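The listed protein sequences correspond, in order, to chains A and B. Numbers 1 to 323, taken from my numbering, label the letters of the first sequence in order. Numbers 1 to 379, taken from my numbering, label the letters of the second sequence in order.
Read the hints as simulated data drawn from the structure, not as lab findings. Don't take every hint at face value.
In silico EDC-like pairs for lysine to aspartate or glutamate, Cα to Cα no more than 16 Å straight-line [said to hold, decoys possible]:
(1) A/K270 with A/E32
(2) A/K213 with A/D269
(3) B/K167 with A/D315
(4) A/K86 with A/D97
(5) A/K233 with A/E181
(6) A/K55 with A/E252
(7) B/K163 with A/D315
(8) B/K80 with A/D269
(9) A/K206 with A/E32
Model, not experiment: these values are computed from the prediction.
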Amino acid sequence: MKRRDFLKAAAGAALCGAGTAAQARPNLQPAEKAVGMLYDSTLCIGCKACVAKCKEVNHMPPVIEGDQTTWDSARGLSAKTLNVIKVYKNGTAASKDVEVNGFCFEKRSCMHCVDPACVSVCPVTAMRRNPLTGIVTHHPEVCIGCRNCMMGCPYDVPQFEYNKTFGQIQKCQMCNQAGVERIDKGQMTGCAEVCPTGATLFGPRKALLAEAKRRMTLKPGEIYNYPRGDVSKPYSHHEKVVPAYLPHIWGEKEAGGTNVMHISAIPFDKLGMPPLGERSPASIAEGVQHTLYKYMALPAIALAGLTYVVHHNTDDDNEGGES
Amino acid sequence: MSVHKPLGGRILTAPFIFFGIIFLIGLYFMAQRFIYGMGAVSNLNGGFAWGIWVVYDVVIGTALACGGYALAFTVYIFNKGQYHPLVRPAILASLLGYAMGGFGAFFDMGRWWQFYEIFLPWNWNFNSVMLEVGLCVTAYILVLVLEFSPAYLEKIGAKRLLKTLNKLLFLFIALGMLLPTMHQSSLGSLLIVMGYKVNPLWQTWQFQPLLALLSALTMGFSIVIFEASFSTVGFRRASETPLLAGLGKIILGLLISFLLVRTVLLVVQGNLGHLFAGDRASLLYVIETALFLIPVFILASPVNRNHGGRLLIAAVSMLLGGALYRFDAFLFTLNPGVGYRYFPSVPEIMVTLGIVSLEIMAYLVLVKTLPVLHREEHA
């Protein structure tokens with residue numbers, strides 16, 4: 001009798017759980033006044049001025065490889081490199097922005113996701129998405145160093161300082177971290193400011209997306225007047241022949257979209273971008289979590305049932321009772 | 001009157017000294033980790049932020065410590081009082097396993113000196129699976145201490161305290177079933193947000209918590225069989241095979257459910273093709289499935305279930321299968337992106353072995369000095 005009751009209750013609870021599982025939340029939407037960047041790989045000449053500026057803003061030393069001291073040799077993101085320019089090379093690497101026997105550059109830095117996994121997974125709210133600007137910042141003063149943000153980030157952006165006794169997570173905070181606050185002061189990001197070709201463009205996400213879409217409509221071979229700096233108030237322009245853009249704005253929709261978007265003439269998987277769908281994994285995980293733990297109702301019901309049955313069974317049965 | 005009694009005997013046996021030495025080596029590297037940082041002893045990197053300290057010590061270690069949880073269901077929910085003699089040693093093993101997981105989580109914490117931040121409610125992010133794991137595992141360790149405390153209270157003869165505790169014990173027993181259900185399923189949920197980094201053969205999205213829970217229960221029952229068989233041989237005690245045979249039937253049901261859910265998901269979620277890819281992931285998947293199938297075949301026959309040796313083979317196979325399932329998903333087939341590789345360093349492995357040794361040493365001392373194992377005439 002009691003066992004059957006318990007099984008009935010358990011089955012009921014399981015059905016409730018399955019029934020509400022469909023209520024998983026949709027992807028988060030871009031912040032109202034989201035700011036971001038547009039990186040146009042076809043404009044990038046690989047000068048790494050952005051890398052140097054980023055290190056200056058964040059007080060990080062250059063990565064030196066061998067005797068090469070002329071430029072920063074960082075090959076990937078690390079706790080000392082929050083922004084890096086990588087190169088794609090194929091075959092003879094003869095022409096720029098060509099997939100076969102060509103080459104191009106690609107920027108790596110925090111994408112400032114619209115629905116950031118790092119923010120979703122952080123147990124202590126040390127990763128925060130600014131509700132107004134959408135900028136994802138890190139707050140080491142509460143971070144316990146569980147590194148779930150690193151595991152959750154599809155771009156491997158957050159990096160932990162493993163080689164320090166008291167290390168912390170480092171990531172690009174779009175030059176708006178405490179003590180820098182370039183965006184709050186009406187400035188643009190360091191990397192966009194120094195970019196000589198406008199390959200890294202700063203601005204409101206909406207304006208950047210519009211600019212990216214405009215470039216998709218241009219005909220290869222045409223001349224286009226490319227802006228530099230901030231897309232909403234460029235400090236200068238330069239004319240350049242339009243390349244054969246791929247009709248794909250990375251970050252418009254990937255895993256809920258990003259505030260830092262990329263466009264290119266070479267497929268993004270070749271440039272090392274991860275295979276992401278449109279649904280943000282954070283929304284799925286949160287859906288599961290909030291289904292199981294909404295108001296702690298299911299755990300409370302389960303605890304009540306378990307307490308009742310255990311109490312009943314330990315009272316009845318001397319042999320089975322606690323000793 | 002207790003049905004349990006201390007085993008007695010010497011503490012400083014050869015195995016104890018052996019584990020002691022391993023523990024000391026581990027301790028040396030642990031000290032280095034705290035002095036020079038994690039990079040000094042581990043091979044963790046930007047892509048593999050979780051190595052064996054998380055995946056073995058916490059994710060697998062706590063699943064191996066599910067004996068107390070699994071047995072509590074059998075004894076207190078399905079009212080199988082005859083299994084009661086197995087409960088106390090299982091609770092002890094669970095306590096030690098979870099303590100090891102908690103300790104592992106602590107020295108894996110990049111910012112361990114701020115660990116208390118996770119206990120401050122104003123920091124809590126209720127979207128975080130990690131928050132649930134952290135708080136729930138901590139709570140369960142406390143519950144296990146209370147569940148095991150009668151052994152100590154009997155030893156020191158604190159009869160009044162014991163009486164009060166026994167009156168409330170039903171509440172802790174209930175919590176001791178709820179909490180592992182929560183955090184063991186959450187350990188699976190940690191994989192959801194890792195999305196594409198988790199190999200499609202292991203990325204079951206919403207079903208991660210279910211599979212994690214089923215496999216944790218399987219591992220819990222297996223460890224009860226394993227530990228009971230081991231103490232029978234190791235401490236030359238009467239065989240508990242007849243008791244364990246009954247557990248075999250429960251495990252059979254769990255195993256079949258686990259395999260069924262996984263297979264159906266593989267087809268429904270459209271990942272069957274990956275099984276025939278002939279790569280490392282598909283091979284690991286096949287090995288894992290074989291490790292789960294071996295016990296199915298063994299336990300399907302009542303004759304085998306009553307055969308101590310075969311029961312032990314089934315249990316070991318399941319433990320390996322469950323451990324491999326977690327290793328594969330979190331580590332072996334994880335793909336954080338181009339350029340990242342991970343294999344644990346020797347110091348990293350020694351730290352984990354050191355912690356496991358400490359756990360075994362503590363178990364040996366406690367069963368010899370406290371009333372943990374039941375008297376043989378009750379077997």
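Now for the hints, and whether the structure bears them out:
1. A/K270 with A/E32: 32 Å, violated
2. A/K213 with A/D269: Not OK: A/K213 and A/D269 at ~20 Å, beyond 16 Å, violated.
3. B/K167 with A/D315: 10 Å, holds
4. A/K86 with A/D97: Satisfied, since the Cα-Cα distance of roughly 14 Å is no more than 16 Å.
5. A/K233 with A/E181: Distance ~19 Å between A/K233 and A/E181 Cα, so the pair is violated.
6. A/K55 with A/E252: 28 Å, violated
7. B/K163 with A/D315: With a Cα-Cα distance of about 14 Å, the restraint between B/K163 and A/D315 holds, given a limit of 16 Å.
8. B/K80 with A/D269: Violated. B/K80 to A/D269 sits at ~57 Å, over the 16 Å cutoff.
9. A/K206 with A/E32: 10 Å, holds
The structure fails to meet hints 1, 2, 5, 6, 8 from the earlier list, while all remaining hints are met.
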